[in-house]
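There are 2 protein chains.
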Amino acid sequence: MRIDAAQTAKRLLEQDRVLVLLHQYPDGDTIGAGCALCAGLQSLGKQAGIACNHTIPERYGYITRLVRPMEFEPEFIVAADVADPKLLGDKLAHFGSRVNLCIDHHGSNKLYAKETYLDPGAAATCEMMAGVLAGLGVTVDAALAAALYTGIATDTGCFKYSNTTAKTHFITAKLMETGMEIEEINRVMFDTKTKNRVLLERMAMDGMEFAFDDRCAIITITRAMREQSNTGDDDLEGITTLPRQIEGVLAGVTIREQTDGRFKASVRTHPPLDAAAICARLGGGGHPNAAGCTLEGTLEEAREALKSAVKEQLDERIFTH
Amino acid sequence: MRIDAAQTAKRLLEQDRVLVLLHQYPDGDTIGAGCALCAGLQSLGKQAGIACNHTIPERYGYITRLVRPMEFEPEFIVAADVADPKLLGDKLAHFGSRVNLCIDHHGSNKLYAKETYLDPGAAATCEMMAGVLAGLGVTVDAALAAALYTGIATDTGCFKYSNTTAKTHFITAKLMETGMEIEEINRVMFDTKTKNRVLLERMAMDGMEFAFDDRCAIITITRAMREQSNTGDDDLEGITTLPRQIEGVLAGVTIREQTDGRFKASVRTHPPLDAAAICARLGGGGHPNAAGCTLEGTLEEAREALKSAVKEQLDERIFTH
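Sequences listed follow chains A and B, in order. Residue numbers for the first sequence follow our numbering, so the first one is 259 and each next one is one higher. Residue numbers for the second sequence follow our numbering, so the first one is 259 and each next one is one higher.
Bound-form chain A, shown alone (with noise of 0.2 Å):
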């Protein structure tokens, strides 16, 4: 059933001892808004934890450290920007079918809760969660914005993407009325980097190939490169967006070989090119500006595949219009 932020906060008030469940692989989102739920919970005198199937990455240590580890039997458990019980992950599978509450903002969520406060306008969970801890009647101090803030920078890629709203902005400017510094959390958000990760652009950058008179680039990620600059999968975040940055490209593709040997493509296109339909041609598929799909053979014939896919897309929506 869905309910609405009110609901949400009354059904919370009811119950005790709430285990806070995080998304696989969590991010800014998943961490800030099950983070600052758990410790609003707590700072009502309420038992409440949070449990994930991965490690939460040091980097969000001020968020964590606003949860105090408690022992209890959970009791109620709530999922935070958990769209699907599937990216629970392994570890928390058993509590898929028994999810009291989800608070989440993907369009997508598959309604698994018995009840879900589902809100797709929504830039973050953590813009949700500022309603939630409203109603519930918490104090967000700074530390908690903090968190908060987080969620919504994270998912927003700092305010710059389509789904930043007017809301998302007058939410981001209470949160900040509590006094809380924003730089630092984005330099860490935004602009760190792994010494590997640039090792690895680096030998990705050499690399790059155009094509088209400069309307397509495409950037190739071996397991080679992956192995010699010793990047894990947290590592290659975002690296997609490389060769569509570049002025003039319409069309930036990203190659990456899989230990299968197989390879992965993610096709990045500004209109009029699609790049759904780009992947189509390739038994992939996507969005009308990032797809993907899967290719076999080798690196040179997945290459040509690709640029063949492009050039048609090139040939009906540029050259003959």
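A hint or two may mislead.
Just so you know, same-sequence chains aren't split out, so a pair can sit in one copy or run between any two.
Unchecked claim - Straight line, CA to CA, 16 Å or less: simulated EDC-like cross-link-like pairs of lysine to aspartate or glutamate: (1) K453 with E467; (2) K453 with D471; (3) K425 with E439; (4) K451 with D491; (5) K268 with E373; (6) K268 with E316; (7) K304 with E562; (8) K569 with E467; (9) K522 with E562; (10) K451 with D472; (11) K368 with D449; (12) K453 with E485; (13) K453 with E505; (14) K268 with E554; (15) K432 with E442; (16) K451 with E505; (17) K304 with E329; (18) K569 with D532; (19) K349 with E562.
Read the hints as simulated data drawn from the structure, not as lab findings. Remember, it's a predicted structure, so these values are computed and weren't measured experimentally.
Position chain B relative to chain A; hints supplied.
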């Protein structure tokens, strides 16, 4: 004399034939604020125009298009985001001593105009201009909002830097309520690089040197690299942030070979290192986290001198504490 937003609006309502001056090498804030004011005055039936020492870059076309070209003899001179008459540039220098009204957010403003509306707490002049337009009774539609948004976003690194306040977000929320689109603006302002810039970055990163357990990273941009990548001065914007963004780096150094053969160094640090102290050892200066100096001799000598200066700070601030 210092005046406030209401007085500024009152003064402007009394005037006609208003010429709005931008600063040289115009950025998003001077363009956004100047053009929004000019378009606002025109919407009130006044004659108004803008002037700038340099051609306004094409990517700001959606802002300059708001100003209808008009021929008139200027009677009232306004400077927008111009902290010092020197910043008007050669072509507009003759206006320096006869600016009637200056609207600016730089704490360093020389108070050179007859009247100045100065708010050093504002993140951008565009943030102040939103209040001036309200005082003028100008209806801010989506197009005018986009102009003001551009200045706020570009001066705050898209709400990332510490100059961003709760008020910045409140004003942005009001601008977004007009229905303006932010995605394309932010893509052009923040996620677009020229191919030449990418080429130069690649060369700079290829030559990146790490020192002192990776606490210091150094990149060098030679004249040969500039020629090979065909990069203009515009393409270099923000390149000094590259070495410091690497996790664990406390001092990021960028060495640029000048046309006279000397070397200009930019030092960017994180606490506890002090960039100004590092550069002071080499005859330069600046702020605690961003400073610079100029060095003579060979590139190798310049690099060694910078490394020694960084090493001394590291020894003082870290190893001995």
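Okay, the hints, checked on the actual structure:
In this assembly of identical chains, K453 and E467 lie within 16 Å of each other by CA distance solely across copies; the values are 12 Å between and 24 Å within a copy. Taking the shortest alpha-carbon separations for K453 and D471, only the inter-copy value of 12 Å comes in at or below 16 Å, while the best intra-copy value is 33 Å. Taking CA atoms no more than 16 Å apart as the test, K425 paired with E439 passes between copies only; the shortest distance there is 14 Å, against 20 Å inside one copy. In this assembly of identical chains, the alpha carbons of K451 and D491 lie at most 16 Å apart only when taken from the same copy (13 Å versus 25 Å across copies).
Taking the closest pair of Cα atoms, K268 and E373 come within 16 Å of each other only inside a single copy of the chain (12 Å); across copies the shortest separation is 55 Å, beyond that limit. Taking the shortest Cα distances, K268 and E316 never come within 16 Å of each other, neither inside one copy (33 Å) nor across copies (53 Å). Taking identical chains as interchangeable, the C-alpha atoms of K304 and E562 are never at most 16 Å apart, the minima being 60 Å within one chain and 59 Å between chains. Only within a single protomer do K569 and E467 lie at most 16 Å apart by alpha-carbon distance; the minimum there is 14 Å, versus 40 Å between protomers.
When the C-alpha separation of K522 and E562 is checked against a cutoff of 16 Å, the pair qualifies only within one copy, where the shortest distance is 14 Å, while the shortest distance between copies is 44 Å. For a Cα distance limit of 16 Å, the shortest separation of K451 from D472 across copies, 13 Å, qualifies, whereas the shortest one inside one copy, 27 Å, does not. In this homomeric assembly, K368 and D449 never come within 16 Å of each other (Cα to Cα): the closest approach is 34 Å inside a single copy and 33 Å across copies. With identical chains, the CA atoms of K453 and E485 are at most 16 Å apart within one copy only, with a shortest distance of 14 Å there and 28 Å across copies.
When the C-alpha separation of K453 and E505 is checked against a cutoff of 16 Å, the pair qualifies only between copies, where the shortest distance is 6 Å, while the shortest distance within a copy is 26 Å. Taking identical chains as interchangeable, the C-alpha atoms of K268 and E554 are never at most 16 Å apart, the minima being 53 Å within one chain and 70 Å between chains. With identical chains, the CA atoms of K432 and E442 are never at most 16 Å apart, being 19 Å at best within one copy and 26 Å at best between copies. Taking CA atoms no more than 16 Å apart as the test, K451 paired with E505 passes between copies only; the shortest distance there is 5 Å, against 23 Å inside one copy.
Only within a single protomer do K304 and E329 lie at most 16 Å apart by alpha-carbon distance; the minimum there is 12 Å, versus 70 Å between protomers. Taking the shortest Cα distances, K569 and D532 sit within 16 Å of each other inside one copy (12 Å), while across copies they are farther apart (52 Å). In this assembly of identical chains, the alpha carbons of K349 and E562 never lie at most 16 Å apart, being 41 Å within a copy and 52 Å across copies at closest.
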